[in-house]
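Engineer: Letter by letter, the chains look like this.
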Amino acid sequence: MKGDILVLAEHRNAVLDNITWELIGKGRSLADEWGTRLAVLVVGSELDAFIESLKTSGVDLVLPVQHALLKDYNSELYTTAIYQVCKQFSPALVLMGYTYLGMEIGPAAAVRLGSTMVSNCNELGVEGNDLIVVRSVFGGTLQIKVRLVGAQPYLISIVKGVQPRDNLAAKDAAVETLAIDFDEKRLRSRILEILTIDTGGVDITKAKVLASAGRGIGGPDKIPLLRELADALEGELACSRPVADMGWLPIAHQVGISASTVTPDVYIACGISGASQHIAAMRDSGRIIAINKDPNAPIFRVANYGIVGDLLEVIPALIKQAKA
Amino acid sequence: MERTPYWIIQYGIIIDLLAIPTVAIFGYGVYLHWKRIRKGETSLRISLDDLREFLSRDRLVATLWNGLLGSRVYRRPVTGLFHGLVFWGMLVLFIGTTLVLLNVLFGLEVMSGSFYRWFMAFTLDAAGIVVFGGLGFLLIRRLAHYPRLSNPKSRRGFVLAEIFLIVVILTGFILEGQRIQMTGAREPALVGNLVAIAMNGISVHHGDYITLWWAHGILALAFIAWLPFSPLVHLLFVPLNAALAEPIMGADEKALDIAALEPDDNGGLPTLGTPTLEDYSAKRLLDFSTCLWCGRCQEVCPATLSGKTLNPKGVMVILAEALRQRRMGDSGIVDAIGMPTLFECRTCGACVETCPAMINPLKAIWGMRQNLMMERGEMPTQMVSAYRNMEALMHPFSSQASPSDWRKGLEVPIFKAGETEYLLWVGCAAAYEDRAQQVGRAMVKLLNQAGVSYGIIEGARCTGDPAKQMGDDYLFAQLANTNIELFNVHQVRKIITICPHCYDSFQHYYPPLGGEYDVIPHATMIKELIRSERLKLACGDQKITYHDPCYLGRHNRIYEDPRSIIGSISHMIELPRSKSNSFCCGAGGGNYWNEENGQRINYVRAQEAFESQAGLIATACPFCLLMLTDGLKMYTNEQLVFDIAELVQQACEKPLNKTAE
Amino acid sequence: MNILVCTKAVPGFVNNPSVPETHDRLDYEAGSIVINESDDYALEAGIKLAKKSGGKTVVLTCGPLSVQKILQAGLGKDADAALRIDADLFEPVATARALAAAIQKQEYDLVITGVESSDVMAAQVGISIAEMLGLPFAYAVTEIEPGERKKTIRITKELGYGKKQVEELNLPALVCFQTGTEPPSFVPVRKMMLAQRKPIKSLTLTELDAGGQPPSIEIVDIFSPKEAGMAEIIDGDPATQASAVMQKIREVL
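Chains as they are written, first to last, in our numbering: chain A, 1 to 324; chain B, 1 to 661; chain C, 1 to 253.
No lab work stands behind these hints, which were simulated from the structure alone.
Among these hints, one or two may not hold up.
[As the list claims (entries may be wrong)] Facing chain B, according to a computed beta carbon distance under 10 Å, are these residues of chain C, among others: (1) Pro11; (2) Gly31; (3) Ser32; (4) Val34; (5) Glu37; (6) Asp40; (7) Gly76; (8) Glu182; (9) Pro188; (10) Val189; (11) Arg190; (12) Lys191; (13) Met192; (14) Leu194; (15) Gln196; (16) Arg197.
[To be verified] Derived pair list, reagent style DSS-like, types lysine-lysine, alpha-carbon separation capped at 30 Å: (17) Lys151/C / Lys164/C; (18) Lys151/C / Lys71/A; (19) Lys293/A / Lys543/B; (20) Lys293/A / Lys654/B.
Every residue, glycine too, gets a C-beta built ideally from N, C-alpha and C.
Whole structure, please, built from the sequences with the hints as guidance.
Structural biologist: Now the structure itself:
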C-alpha cells in the first residue's frame, strides 16, 4: 500500500498535545518511505497559533478546520470534520492518538468511511506491501502483530508516549482550508458545562519535583513521610488514581490521564506499580525514579532509575540525603 | 449414736412423695428445651462408622473430662475455685440427701455409727459451708457487675438461683442447729454446733422447727423443679454438649449439595447458610440453650480485644434470646448482629477453645456469613475485589503475575503421574505475595536437599479456601473441583502443604467433594526429615519464639512438630499466649483483604512477639508471616519474622546464632 | 427508560496463546470466563438507571454458548432479559455489526457499553455500534441521568487532564461507561441459581443478516512484549541507594 497520510492533532488550553508531534514523527517517516504527502488536521475555534507551529513541524500540509461551533469539544462535530476531510483529502492512512479523543471519534469515523480501524498500537510499519501494526492484548501481558487487509483509509490509533518525538526538519507547509458542512441543525448533542477538578490551590503541573504516592506505600498514615520528602526537595506531593480514590490525598494530586499530566524535572514514584493510565501521564518527566518492592512492576520499564526495596527504609534515607 | 430421720416431723414421707411432682416439673422444663432444640436441622443417618466414632475413646474422655468434670472452668483459677466449691459441695450434699432417702425407703444404714458422724454430720456440714462460701463469692461478683459477666448483658436467673440456694442452705443450717440444741446431740457437725451455740437462750418450739423444716424441704424441691428453667440447666446440657461436640471447630464438613440447588417448580431453593434459628442444626440450638453468658469468649476474641464490634458473647446473647422467645423463623437475627460485624470474625477458634460449656460460637457466626454471601450477596466492599479475583484469576490476590513467578531461577521438579510421591502445593500466598514467595523457595531447597520425591503441578493456584472463609461454599466447590480433577489426572495421593489453610481445606473439605489425599503440613514433613537425618543442620544459640497459626494449631491440633523443629535448630521460648491459647494474626476469615477498624490485630500480636525478647520470630503460615512482618514494622526495622522452612534452610547453611552486638 | 447493555465475556487469564491457521482470532486455554470489568460497571449503571426510571434492562453479548454465564450473572443482577448472539468473533467491527443488527430489532431508549475489553483492548465496539445505528454517542461516561427535556439524557464524561464535560444527548443514544473505583457487586449463589432457570434467547448471524463480511485484519503472530527501556536498578543498603539517587536528582535540578 501507499498513499497520503493524515495526522489528527490534539490540543487543550491553547497548547498542542505532545501526541501530535509523536504522530507527525511517525507519519513523516512513512511518508518519506512512500514518497507521499503528510498532512495534519487540526480542529477548533482559534487555530492561528497552532497553524504557525504546525507549518514548521515537518508536515507537507496543514488542514485547519476552524469554526466558532468548535469552541468546545463536540464529538459529533469532530467526527464530521474528520469524515469530510478524509473524503476530500483521500488519505490512505489516518494517524491519531489512543486517547480520549481517538477512542471517541476514531471508530465512528471509520464506520462512516466504511473503512478499517485498528487501535491501541505501539508500532506501525510496512512489510512488503502491507501495513503492519503491533498492539497489546490480554491486559498488556501479550502483543499481537496484525496485518491490515480491509478497506482504506486505515485509521490507526497509537499509544501516547511510545513513538519518539524528535524535532523534524521544518518544511514550510502549505495551509489549505477545506469546506466542512457541519449541519448544525441536525446536532443531537449539546454541551452544558465543563467541569474542572477543584484543585484547592494545588497545581502539581507546575512543580519541578514530584514525590508520588502509590497504593504500595501501605496506608494514609504514610503520606506525611512522602510530604517530608517532597518538602525536602522543594517539590509537591502527587499520587496515583487508587490513592486519590481511597481519599488518602485529594484528587488535585492525582497523576493520570483522567486527572493531571505532569512533566516535572524529577518524578519519584513510590509504591506505584505503573498502570498504563498513570505512566502515560508522567512519562515525559525529566528523570523518573521508581521505588517498589516488586521487581516486576511495570513502572520499572519507564523509570530511569529504580530501587527494589522497602519504601519505609528508602524514603527516610532519601529525606536524610535531601536535607544534607 | 443414731439419728432418726424425720424425727419429730409427722408425715415426713410426704416430702419424698413431693419429689414426684418435682421431677415432673423438672422433666417438663427439660422438655420445653427439647422442643425448641428439636426444631433445628438434624441428620438422622447414623452409620456404624458414626457410632464407632461417637463411642470413641477421645469423645468419651472429652465428655467425662470437659463435660462432667468441667475441666475448662478451672482455667480461670479463682472462678474455678469458687465454682468448684459450689459444684462439688452440692454434689456431696446431693449424695447425702439421696442416702437419707435410701435410708427411709430401704433402711440403708447411714444414720448411725461412724459413717453418720463423719459423713452425714461432718462432711455434709463442711460441704454446706463450702457451697455457701462459693455462692457468696459468685453472688457478690455478679452484683458488682463483673465486666465479663455483665457485658454486653448479664444472664438473668443467676442472682435468683444463688439467693435461692443460699436460703436453702441457711435454713438447713438453722434447722440443724435447732435440732442439735433441742436433742442435745453430740456430733461433729461444725456449723450445726455453732448455730446451736448461737441460739443458746432462744428457746425453740417444736412448731417453729416443723414449719422451718417443711419450708426448707419445699424450697429445696422447688429449686430442683425450677432448675431447667434457670441457667443451672447447664448441669445437664454441658455434659451433653461435650458428648456431642463436633471434632472440627470450623465450617461444617459437608459439600454444598449443588444438585439440591436446582430450584423446584415453585422457584424455591433450599436455604443457604443460617438466616434463622430453624436453619441451624440441633447441636447449635443446644449450644444457644447451654450458653451461660459467662463472657470468657469475649475475653479471648481477637476482634473484641482490638476494639471491633464483634463480640462472640454478644452474638450468643442475641441467638439465645431469640431461642428463648421461640422466634424460630425470625431472619432478623442476622441484621441484629450486622454484616460488617459478622465479617470481623477471624475464624480463629479461640472462643471455641475457651468455652467451658463446649459451645461453638464460630459455627454460629459462620452459618450467618454463608447466608450473607450466598443468599443476600452482601460482604464488606474491600473484600469484593478479592472475591472477584477468585472468580477471574482463581486466586484472591490482585497480581496478574503468572503462577510460576515464585520459582524463577529455581530448579523445581514437576509432578509426574505414577512416578512422583508427593505433590508440593505452595498455595496462593506463597505463589503471589512477594515476601511469602521466599517460603516456597526455602521449602523447595529443603526438599531438594533431602532428596524427597516431590513435584509441583504447573498452573496450580488456590485451594479455594479464601472463598470458604468468606462464606461462599459454591465458589469454593468450583475451585476445589477444578483442583480435584487436576489431581486425579496426575494421580496425586500425597500432598505437602506450606499453608495451614491449604492443609485444612485438603484435609477436611476436599473429601466431601471426592478428593481424598494424604495431606502433610510442611512442619510435619520437615520434622520428619530432620529426625531421619535427611537434613543436616547446625544448632545455634539464637532465641526463637513461635507463633502458632490458628489453622495449624487450634483447628488441627498440630503444636509439637514446629517446636520440635525449632528445638533442633536453636533454643525455643514460648509466647505468653501460645499453643491452644495462641492469639490470631488477624488474617483469617478473609480479613487479609478487608479494611480494619479499631486497633490492628496483627500489631497486637506483633507487639507480644517483639516483647518476648526473642531474636527471631518463627511461624508456619504464610499469612501469619505477612501479617506479623507488617505488624513488626511498628516496633523495629529489622526483619525478625521467618517461616520455619526458611529458618531450617538457613540452619542447613550455618547455625542461627545471636547476632553480635 | 428502556436500556440495552452490551457485555463481553473475557478470560480471567490465558494459557498457551497461539494464532490459528485462519489468522482471524487467537486461540488459548482460558482459566476462567468472566464479564469484562468495564462492562460490569456499565451493566450496574444501566440496571440502576432503568429501575429509577421505571424501564427495563436487556443485557446482550456476542459469543458462543460457553459465555452464557455472564448473561445469567446479568439476570442475577436484576436485568429483565438477556440475549445472546451466537457467534465467536474477534474483530471489533464484526462484533459491532452483529450487536447493532440485534439492537435494531429491539425497543430501547439507551444503549450502554463498557469502554475497553481486557482481552482485545480495542475500545472500538461501543462507538462503532453507535455510528452504525446513527445514534449520538459519548465515551468515558461517569454519570447518566434523564435529561431536563423529554427524550434526552444528561451525561458527564471524562475529557482527561482533570476535565469533565456535561452534555445533553437526544435519545435514543449510546454511551460507553467508564470503569469506576468501587468494584461492582457480586451475584450471590441464590440469584445465580434462579437466573440459570431463566431462558436466554439466542440469534445467529444468519438470522440477523450480519455475518459474512470479509475480515479487515489478519493476525500474524502473538508474543510477549519486549522488555524495552528497563530502569537502571540501584543496589545496596538504603543509605547507599539514597545517596546514589540524590546524586541523580541533583544532576537535573
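Engineer: Decide, hint by hint, whether the structure agrees.
Structural biologist: Evaluated hints:
1. Pro11: 8 Å, holds
2. Gly31: Holds, because the Cβ-Cβ distance from Gly31/C to chain B comes to roughly 6 Å (cut-off 10 Å).
3. Ser32: Given a least distance of 6 Å, the restraint on Ser32/C holds.
4. Val34: 4 Å, holds
5. Glu37: 8 Å, holds
6. Asp40: 9 Å, holds
7. Gly76: 9 Å, holds
8. Glu182: Holds: closest Cβ of chain B sits about 6 Å from Glu182/C, inside 10 Å.
9. Pro188: 3 Å, holds
10. Val189: Result: holds, 4 Å to nearest chain B Cβ.
11. Arg190: 5 Å, holds
12. Lys191: With a closest approach of 7 Å, the Lys191/C hint holds.
13. Met192: Holds. Min distance 8 Å.
14. Leu194: Check passed: Cβ of Leu194/C comes within 6 Å of chain B, closer than 10 Å.
15. Gln196: 9 Å, holds
16. Arg197: Check passed: Cβ of Arg197/C comes within 6 Å of chain B, closer than 10 Å.
17. Lys151/C / Lys164/C: Measuring from Cα to Cα gives roughly 23 Å; hence the hint holds.
18. Lys151/C / Lys71/A: This hinted pair holds, its Cα atoms lying about 26 Å apart.
19. Lys293/A / Lys543/B: 29 Å, holds
20. Lys293/A / Lys654/B: Since the Cα atoms of Lys293/A and Lys654/B sit roughly 27 Å apart, the hinted pair holds (cutoff 30 Å).
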